[in-house]
Amino acid sequence: MENIATSASHLRSEDVNVWFGERHVLKNVSLNFPGNQVTALIGPSGCGKSTFLRTLNRMHELIPSAGFAGRVLLDDKDIYGAEVDPVDVRLNIGMVFQKPNPFPTMSIRENVLSGLKLTGRRGYVAEEVVETSLRRASIWSEVKDRLNDPALSLSGGQQQRLCIARSLAMNPEVLLMDEPCSALDPGSTRRIEETITELSDSMTIVIVTHNMQQAQRVSHQTAFFLSEDGNPGRVVEFGKTDDVFNNPVDPRTNDYVNGHFG
Amino acid sequence: MSELDLSALPRPKSQPWQVRNPKNTWLIAAASVLPMVLAVIITLVASIDPTVATILVFLPLQIIATVSVGQYIYGKKGRGDAILVIFTIFFSTLVGVLLVSVMFSVVVNGIRAMSPQFISQNNVYISPTTSLAYGGVGHAVLGTVLIVGLTTLFTIPLGILIAVYLTETRGRMRSTVRTLVQAMSGLPSVVSGLFIFALLISPNFGNATGFTQQAGWVGSIALFPLMLPTVARIAEEALRLVPQELRNGAYALGAPAFKAFWQVTLPAARSGLITAALLGVARIIGETAPLILTTAPANNTNLNVFEGSIATLPTYLYSYISQAQATSQQRAWGAALVILILVFVLFSLARVLGSAKSTKAKKRK
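Protein chains in written order, with my numbering: chain A, 186 to 447; chain B, 146 to 510.
Calculated from the structure, these hints are not laboratory results.
Think of the CB as a built atom: it goes at the ideal place given N, C-alpha and C, for glycine as much as any other residue.
Be aware that one or more of the hints could be misleading.
Subject to a maximum C-alpha distance of 20 Å in a straight line, what follows is the list of computed SDA-like cross-link-like pairs (lysine to any residue) [claimed, not checked]:
| id | chain 1 | residue 1 | chain 2 | residue 2 |
| --- | --- | --- | --- | --- |
| 1 | A | K302 | B | P401 |
| 2 | A | K302 | B | R392 |
| 3 | B | K404 | A | E246 |
| 4 | A | K302 | B | I200 |
| 5 | A | K284 | B | N393 |
| 6 | A | K425 | A | G220 |
| 7 | B | K404 | A | P289 |
| 8 | B | K404 | A | R306 |
| 9 | B | K404 | A | L247 |
| 10 | A | K284 | A | S230 |
| 11 | A | K302 | B | I193 |
Label-pair restraints from in silico Cβ distances [what the hints assert, rightly or not]:
| id | chain 1 | residue 1 | chain 2 | residue 2 | range |
| --- | --- | --- | --- | --- | --- |
| 12 | B | Q389 | A | F253 | 14 to 24 Å |
| 13 | B | G241 | A | A368 | 42 to 52 Å |
| 14 | B | A174 | A | D334 | 49 to 59 Å |
| 15 | A | E383 | B | S320 | 44 to 54 Å |
| 16 | B | F489 | A | P371 | 46 to 56 Å |
Could you put the whole structure together from the sequences, leaning on the hints where they help?
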C-alpha cells in the first residue's frame with residue numbers, strides 16, 4: 186500500500202450560503218476540517234447538512250435551481266475559483282451516497298476501476314488498485330473470488346463498501362459521506378465505521394449522520410446544524426465531539442443529542 | 146423456551162380467503178353456464194343473427210345472472226363487482242377477437258401465396274394472370290429493407306440525440322423540442338409524403354424542373370418524420386428511467402459529463418434504447434402513403450436506393466390488391482403476411498436484445 190498518500194489535505198468553508206430558487210437554505214456556514222480528522226455533521230432532517238456536504242465538492246450544482254455564495258478552501262485554494270473546473274474538484278474530494286449506487290452494468294472489478302476509466306486514466310489501471318481499494322474498504326475477503334460478478338449480486342452493505350472502494354480507487358484527499366449507513370444493518374454499519382477509522386489515517390473525512398452513537402464513535406469533531414421556523418439552516422455548535430455531546434454550550438444542542446427533539 | 150421447529154412447511158392448497166361455501170360454488174357455476182345455454186336456445190328457436198344475439202340476448206342474460214348471484218353471495222359489493230367483471234371480460238374478449246381475426250385473415254389468405262420462391266423471386270415477367278408458382282416479393286423485401294434501413298441510419302442517432310438533449314442537459318429549448326416531437330407524432334403519413342414530394346420531386350411547386358426523380362432515398366426522407374417522434378419519445382423514457390443516483394455516482398468520481406453519460410447512463414439505458422430503435426423501425430415498415438408518393442413502383446430488383454424505381458412491400462401490396470384477378474389479390478395477401486412476419490421478427494428481436502442483459506442482472510440479485 187505504498188502508493189497511498191498519508192498526509193491528508195485540509196478543508197475549510199467560509200461563509201457558505203445556499204439557495205434553492207429564492208429560498209435561503211443554508212446561512213454563513215464556516216467550518217474547519219483539519220487533515221486526518223473525521224468530522225460529523227449532525228442535525229434534524231431538512232437542516233441543510235446534506236446540502237452543505239454537497240457544496241464541499243460542488244455536487245449541489247447538479248440541482249438546477251441551486252445558488253451559492255461563499256468560499257470553500259482545499260489547502261487554501263478556493264474550489265469555487267473562476268478558473269477551477271468542478272470535475273477536477275470531485276477528483277480530489279470523493280463522495281459516498283446515502284443509497285448504495287454501484288453501476289449496475291459493471292462487475293465488481295469494473296466498478297472499482299470505473300473512476301479511473303471515467304476520468305480517462307486507463308493507463309493507471311492495475312490489479313493492485315482493485316485489491317488495495319477493496320482491502321481499504323474492508324470488503325476484499327468477501328469478494329476476492331468473485332470479482333467478475335455483477336455488482337448488483339452483492340448485499341446492500343457490501344454494495345455500500347464497494348462504493349467506498351470505488352471512491353478510494355481515486356485516492357481522494359477528502360472523502361465526503363452522506364449518511365452512508367442509513368440503509369444498512371448493524372453488522373455492515375460496524376464494518377463501515379471501522380473502515381472510516383482506518384481511512385482517517387490517510388485522508389480527511391466529513392460524514393453526515395443521524396446516528397448519535399455513530400457520530401461519537403467515529404468522529405473527532407462534530408458540527409450541529411439546525412434550521413428553525415423555516416429560517417435557513419445554520420451551525421449552532423461546532424467543536425470536539427466529546428464537548429459537543431457531553432458538554433454542549435448551546436442548550437438546543439443538548440436537547441438534540443439527548444433526543445429531546447428532532 | 147421449548148425448542149423451535151425451524152423446518153419448512155409445504156404450501157397449503159388454498160388460501161384462507163379462497164374457501165367457498167359449496168352451495169355458492171354451484172350458484173357461480175350455474176351463473177357462468179346457464180346464460181350461454183339459454184342464449185343459444187333462444188338464438189336457435191327465434192333464428193336470430195348470432196352477432197346480434199350475442200349483444201342483445203347473451204350479454205343482458207349474463208349480466209342479470211352474474212349480478213343476482215353476486216348480490217346473493219356478497220351483497221351490494223358483489224353487485225358492482227359483477228357488473229365490472231362482465232364488462233371487463235366482454236370488452237377484452239372483443240379486442241382479443243378483433244386482433245386474432247386480423248392476424249387470422251392475413252395468415253389464411255397469405256399462406257396460399259407463400260412459398261420459398263414467393264419470398265426470393267422478383268416480379269419481372271409477371272402479369273396479373275400469371276400463376277402463383279412464378280414470381281414473388283423478393284425485390285420488395287429488399288426495397289423495404291433498404292429504404293427503411295436508410296431511414297433508420299439517420300433517424301436513430303438523431304432520435305437518441307433528441308432524447309439525450311431532453312433528459313441529460315438543461316437546454317432552454319427542452320419544452321419546445323418536446324412539444325414539437327409530440328406534435329410530429331400526430332403528423333399523418335400521407336402529409337409527410339406529400340410534403341417531401343412537393344419539396345423534392347414535383348415541378349409544380351416553384352421549382353421548375355423538380356430537384357430529383359422518384360427514388361428510394363426520397364422515400365426514406367418521407368418516412369423520417371414518422372419514425373423520429375417514436376424513437377425520440379421511447380428513448381427519452383428509457384433515459385429517464387436511469388436513476389439519478391447513478392449519474393451522481395459517476396460525477397462524484399470526477400467524471401466529465403460526457404464520459405458519465407457514455408460509460409454509465411448509456412449502458413444502463415441500453416435495453417430501452419434498443420427497444421426505441423426497433424419500435425421505430427416497426428412504426429414505418431408498413432407505411433404506404435409516403436412511399437406511393439415518393440418512390441416509383443418496380444418489378445425488378447433494384448439495390449440502388451439513390452436512383453430508379455424501387456418496390457417496397459406496402460406499395461407492392463397496394464398495387465396488387467387494387468387489381469381484379471384472384472392471383473393478384475393473393476399476391477397482395479402474401480405480401481401482407483410477409484410484412485407481418487417482418488414486424489414479428491423485429492418485435493421478437495427487440496425483446497431478446499432488450500432483455501438479455503437486464504435479466505442476467507436480476508437473476509443474480
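Consistency of the hints with the structure:
1. A/K302 x B/P401: Since the Cα atoms of A/K302 and B/P401 sit roughly 11 Å apart, the hinted pair holds (cutoff 20 Å).
2. A/K302 x B/R392: Distance of about 15 Å is within 20 Å: holds.
3. B/K404 x A/E246: holds, 18 Å
4. A/K302 x B/I200: violated, 66 Å
5. A/K284 x B/N393: Cα-Cα ~11 Å, so holds.
6. A/K425 x A/G220: Holds, at roughly 15 Å.
7. B/K404 x A/P289: holds, 16 Å
8. B/K404 x A/R306: Status holds; Cα separation ~12 Å.
9. B/K404 x A/L247: holds, 16 Å
10. A/K284 x A/S230: holds, 16 Å
11. A/K302 x B/I193: violated, 75 Å
12. B/Q389 x A/F253: 14 to 24 Å: holds, 20 Å
13. B/G241 x A/A368: 42 to 52 Å: Holds: the Cβ-Cβ distance is about 44 Å, inside 42 to 52 Å.
14. B/A174 x A/D334: 49 to 59 Å: holds, 52 Å
15. A/E383 x B/S320: 44 to 54 Å: Distance hint for A/E383, B/S320 holds at roughly 50 Å.
16. B/F489 x A/P371: 46 to 56 Å: holds, 53 Å
In the structure shown, a violation is registered for the earlier hints numbered 4 and 11, in ascending order.
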